[in-house]
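One line per chain: the protein sequences are A and B, in this order.
With my numbering as the guide, the letters of the first sequence map in order to residues 1 to 128.
With my numbering as the guide, the letters of the second sequence map in order to residues 1 to 128.
Hints are not guaranteed to be accurate.
[What the hints assert, rightly or not] Between beta-carbon pairs, the in silico distance windows are:
(1) A/Gln101 with B/Ser45: 17 to 23 angstroms
(2) A/Glu59 with B/Asp72: 51 to 57 angstroms
(3) A/Ser33 with B/Glu60: 42 to 48 angstroms
(4) A/Val66 with B/Val66: 55 to 61 angstroms
(5) B/Asn50 with A/Val71: 22 to 28 angstroms
(6) A/Asp32 with B/Ala57: 49 to 55 angstroms
(7) A/Ser106 with B/Asn50: 17 to 23 angstroms
(8) A/Ser106 with B/Asp72: 26 to 32 angstroms
(9) A/Arg67 with B/Arg67: 52 to 58 angstroms
(10) A/Asp62 with B/Asp72: 51 to 57 angstroms
(11) B/Glu60 with A/Val71: 44 to 50 angstroms
[Unchecked claim] 35 angstroms max Cα-Cα, derived DSBU-like pairs, lysine-lysine:
(12) B/Lys56 with A/Lys74
(13) B/Lys102 with A/Lys56
(14) B/Lys102 with A/Lys102
(15) B/Lys68 with B/Lys56
(16) B/Lys68 with A/Lys56
(17) A/Lys41 with B/Lys41
(18) A/Lys102 with B/Lys41
(19) A/Lys68 with B/Lys102
(20) A/Lys74 with A/Lys102
(21) B/Lys68 with A/Lys102
(22) B/Lys68 with A/Lys74
(23) A/Lys56 with A/Lys102
(24) A/Lys41 with B/Lys68
(25) A/Lys56 with B/Lys41
These are calculated hints, taken from the structure and not from any lab test.
The C-beta atom is built at its ideal place from N, Cα and C for all residues, glycine as well.
Number of protein chains: 2
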Amino acid sequence: MKETTTNPCDALERVFHEPNRLSIMSALCAADSGLSFGELKETCSLTDGNLNRHLKALEEADVIRVRKTFVDSKPRTTVSLSRVGLDRFNEYLAALEQVLQKARGSFRPDSRKAGDAPLTAAKPVRAG
Amino acid sequence: MKETTTNPCDALERVFHEPNRLSIMSALCAADSGLSFGELKETCSLTDGNLNRHLKALEEADVIRVRKTFVDSKPRTTVSLSRVGLDRFNEYLAALEQVLQKARGSFRPDSRKAGDAPLTAAKPVRAG
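All chains should be modelled from the sequences, with the hints used to inform the complete structure.
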């Protein structure tokens, strides 16, 4: 009988987990007064369409703020973290840390070598 | 002008990144001789359909082996990591570690407090 343990993967908030959104959130964490659409696009190497799609999802989840203003008669979109977004992203990172620790801890002794050099001639261990 | 830096999020192998697959891979890392379908289902709290779907994706990516045998005339499915799967998952975890470090490093000084206590009355800083 297996004991029931909490699976740390369950605590990963899906809205942040997509790699591009992780990238967007990290960039916004570093930007005190937000980033323009163009800056985010460049930092995260995303197309307009992709960035728009992710920003929409993050805005709907209430974790970012998107402000549209005019600068020299040109439209400017500024994106920043919301307070709740900052807290939730922090919690997400803590959960990610736990997942990572658990996964690292699961590695079998021989598999730890995989980080140092490619494994060679390793076969499943069989009795006899 | 922004300098171009490598985005660590780009190195996250998507086949592992889905939380349930992360959970499956972690469980398999800890199981030297593989796990039965039932054990995996229980460990990862997944339904038959969901587990099947994720196993299919992982098998197609060549990172796990699925063996079907008969034990006491009953079919038994045993899942184990492939050698290449072990290496690639190890690389994925290293990439995840970098993403985490980068995200943690991006946190603004005041936002670091968020890990200790809920943020209160913090407002965007404005000049003047």
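Hints, verified against the model:
Between A/Gln101 and B/Ser45 the beta carbons are some 19 angstroms apart, a value that agrees with the proposed interval 17 to 23 angstroms. In this structure the hint that A/Glu59 and B/Asp72 lie 51 to 57 angstroms apart at CB holds, the actual value being about 56 angstroms. At about 45 angstroms, the CB distance of A/Ser33 to B/Glu60 agrees with the hint of 42 to 48 angstroms. The given range of 55 to 61 angstroms is broken by A/Val66 and B/Val66, whose C-beta atoms sit roughly 45 angstroms from each other.
The hinted range of 22 to 28 angstroms is not satisfied by B/Asn50 and A/Val71, whose Cβ atoms lie roughly 48 angstroms apart. Checked against the hint of 49 to 55 angstroms, the C-beta distance between A/Asp32 and B/Ala57 comes to roughly 40 angstroms, which is inconsistent with it. As the Cβ distance of A/Ser106 to B/Asn50 is approximately 21 angstroms, the hint placing it in 17 to 23 angstroms holds. Separated by about 30 angstroms at the C-beta atoms, A/Ser106 and B/Asp72 satisfy the suggested range of 26 to 32 angstroms.
The hinted window of 52 to 58 angstroms between A/Arg67 and B/Arg67 holds, with their beta carbons roughly 56 angstroms apart. For the pair A/Asp62 and B/Asp72, the supplied restraint of 51 to 57 angstroms holds, since their beta-carbon distance comes to about 54 angstroms. As the Cβ distance of B/Glu60 to A/Val71 is approximately 49 angstroms, the hint placing it in 44 to 50 angstroms holds. Pair hint B/Lys56 plus A/Lys74 does not hold up; C-alpha atoms about 49 angstroms apart against a cutoff of 35 angstroms.
With a C-alpha separation of about 24 angstroms, the suggested pair B/Lys102 and A/Lys56 falls inside the 35 angstroms cut-off, and the hint holds. Simply put, B/Lys102 and A/Lys102 have alpha-carbon atoms about 20 angstroms apart, close enough for the 35 angstroms limit, and the pair holds. With a C-alpha separation of about 14 angstroms, the suggested pairing of B/Lys68 with B/Lys56 holds against the 35 angstroms cut-off. The straight-line distance between the Cα atoms of B/Lys68 and A/Lys56 is roughly 44 angstroms, outside the 35 angstroms bound, and the hint therefore fails.
Of the supplied pair hints, the one linking A/Lys41 and B/Lys41 is violated, its CA atoms being roughly 40 angstroms apart against a limit of 35 angstroms. At most 35 angstroms may separate the alpha-carbon atoms for a hinted pair to count; A/Lys102 and B/Lys41 meet this at roughly 18 angstroms. A hinted pair counts as satisfied when its Cα atoms are at most 35 angstroms apart, and A/Lys68 with B/Lys102 qualifies at roughly 28 angstroms. For the proposed pair A/Lys74 and A/Lys102, the alpha carbon gap of about 49 angstroms is over 35 angstroms, so the pair is violated.
This hinted pair checks out: B/Lys68 and A/Lys102 have alpha carbons roughly 28 angstroms apart, not beyond 35 angstroms. With a C-alpha separation of about 63 angstroms, the suggested pairing of B/Lys68 with A/Lys74 is violated against the 35 angstroms cut-off. With a CA separation close to 32 angstroms, the supplied pair A/Lys56 and A/Lys102 stays within the 35 angstroms bound. In summary, the hint linking A/Lys41 to B/Lys68 is not supported, as the alpha carbons are separated by about 47 angstroms, beyond the 35 angstroms threshold.
Annotation: proposed proximity of A/Lys56 to B/Lys41 holds, straight-line Cα distance about 34 angstroms (limit 35 angstroms).
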